[in-house]
Amino acid sequence: MAFTPVRRKAADPEASQTRTLPAGPPAAVLGVALLAALTAAVAWGSTAVPPAEVWSVVWRRLSGEPARPGTNDLIVWQLRVPRALLAALVGAGLGLVGTAVQALVRNPLADPYLLGISNGASLGAVAAIVLGLGAGGTLGLGLSGAAFAGALATFALVWAVARRGGGFAPLRLVLAGVAIGQFLSGFTSYLVLRAGDEQQTHSVLFWLMGSLSGADWELLAVPAVAVPLAGLWLQARARGLNALLMGDETAAGVGIDVTRLRRELFAVTSVLTGVLVAVSGAIGFVALMVPHACRPVVGGDHRRLLPVSALFGALLLVVVDIVCRTAMDTQELPVGVVTALLGAPALLYLLDRRPGSGS
Amino acid sequence: MRIDIEDLQIAYAGRTVVTGAHLVAAEGEITGLVGPNGSGKSTLLRTVYRHLKPVAGRVLLDGADIREMTPVRSARHVAALPQERGADFELTVREVVSMGRTPYKRAFAAEDAADRDIVARALADVGMDGHAGRRFTALSGGERQRVLLARAFAQDPDVLVLDEPTNHLDVRHQVELLALLRTQRRTTLVSLHDLNAAASVCDRLHVLHAGTVVASGRPRDVLTPGLMAEVFGVRAAVVDHPLTGDPLIAFDHRAPADDEEAGRVERGSPPSKARADR
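Protein chains in written order, with the working numbering: chain E, 71 to 429; chain L, 4 to 281.
No lab work stands behind these hints, which were simulated from the structure alone.
Only a predicted model underlies this, so the values are computations on that prediction, with no experimental measurement involved.
Each residue gets a CB set at the ideal place from its N, CA and C atoms; glycine is no exception.
Treat each hint with caution, since some may be false.
Unchecked claim - Here are the simulated distance ranges between beta carbons: (1) L:V178 x E:R330: 37 to 47 Å; (2) E:R333 x L:V178: 36 to 46 Å; (3) E:L411 x L:R61: 55 to 65 Å; (4) E:F253 x L:A258: 50 to 60 Å; (5) E:L411 x L:R76: 30 to 40 Å.
Said to hold, decoys possible - Covered stretches of chain E, going by a simulated chain L footprint (3 or more residues, C-beta under 8 Å): (6) 105 to 111; (7) 166 to 180; (8) 301 to 310; (9) 314 to 320; (10) 325 to 334.
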């Protein structure tokens, strides 16, 4: 005997029929757009480089041919290509980490900063600048190292608090992260106030708002490994992430070891967040917004959402960084300023378009 | 496949909720769990689908301890319909039902034709074919419950574990869902609040009270006026249903059972102080 569904159909608005695309076409479109944006990012700037020259420089460098004299070889290869790639990697990482954390705490409003990790990274970085551990306030590896150490220490602290009471319950994780994050940002504010001179204060604030201006080939190495690895790790667990969305009991019922998955997810997203914050500062809004922008197109299934979020995050940050570099003649804008100014209206627009969930 | 629960003791949030529970769910039968709020029904079921670990005792699937199987392996035999409703992450009906294939798929593996076939059949079984592309959270309560049941069917289980599956459903949908369970020839372990529903669909009932099984047997033998007073604290007469002949429990809704009728069990743990059944 089967149910008779006919009576319900009349009350069913056409709008609730979701038309989600498979991942292929959106991913292909995003991939092409990302290549175009990367080219534009390298071509545009105080010295304009023709797109054809961009690719010829890249080609010559990759194939080991010597640079042609009179070209913008150094600008392209030493400054702009690493910066564009860093933007893409950080953006992809933020897209992944936002998607994963939203599943981890089963809350579409979550982002990795909710877990306190970035506050810890910021404290580490600011301590390095103010206490002079870094190279005199410039964005060097010393600063990244301090930021990453801060992120890991915070991760350990939040972990220790969240695991008590058993099982990394979502609410407990968020409350522990928020409380510890606020505590650490209090310290950060104190250090900023204590900063000796204006130059220090400026570089601290700039770092806190996120910047890709420290990009060079050396800085790319860690995110170039960490982001793809984390992406693969998450993709392998995409079904588990889907099950977490329905609830811990449902996930346990389909054979997921929920406590273990949560624990590993928290560790992987924390380390990835630490890596991203260490190389780019605390860039807000991207991790929160990217999954929201992608779900209406490819749906909530993580097997499609993860790769599309990574690509869209990469595209978004490459474009945002072009704006940051070129909007003002005299100085660069911090990335966080632009992501917030563009991201908040975009998110509100998405919320407005979204059909009510009915519960 | 049959389930034997032996001497199960479960603590939840630091409190012992189930103590020394014994029960059997026989192959192909519908076994009901009834009892007042806080008697431990949900907790016991959560241990069967491995959301909770027991403090002591065993859950056996055809004699094999489920805790000695990997979670994936036991999930191929046991599917659950918990009381959770899921957060709004824009999953479609098809994606929710496809979750049932999780224990069969390796990392990175896509669904093949056989998986899609099973998902389509599960949706058809609950009358939700034609709704596969809809957003799960846009469904009505009754539709959602049917989709979640389809998810459990898509797991192709030998044993179905259902926690209050008729909650929040109107009478028609309750009847449809229970009728559907009867047509499945799977071992089914189901907790039910509605004693009359339990009396007509279950082959066998176990009555939980304060974390232990206090009565087991056929509905007619178990659901007596004495048990109603002792365990549920209500006055009731048990008559034959005029249409089906099943036992029909007619409650006295005007006043609870008095102390003398309810006496023996109430002294230990009064059902009136119902604890949250979670």
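So, going through the hints one by one against the coordinates:
1. L:V178 x E:R330: 37 to 47 Å: holds (40 Å)
2. E:R333 x L:V178: 36 to 46 Å: Cβ of E:R333 to Cβ of L:V178: about 43 Å, so the range 36 to 46 Å holds.
3. E:L411 x L:R61: 55 to 65 Å: holds (60 Å)
4. E:F253 x L:A258: 50 to 60 Å: holds (56 Å)
5. E:L411 x L:R76: 30 to 40 Å: violated (52 Å)
6. 105 to 111: Three-residue rule not met by the segment 105 to 111 of chain E, so violated; n is 0.
7. 166 to 180: Coverage by chain L holds here, the residue count being 5 at a Cβ distance below 8 Å.
8. 301 to 310: Check passed, 5 qualifying residues.
9. 314 to 320: It holds, with 6 qualifying residues against the three required.
10. 325 to 334: holds (count 4)
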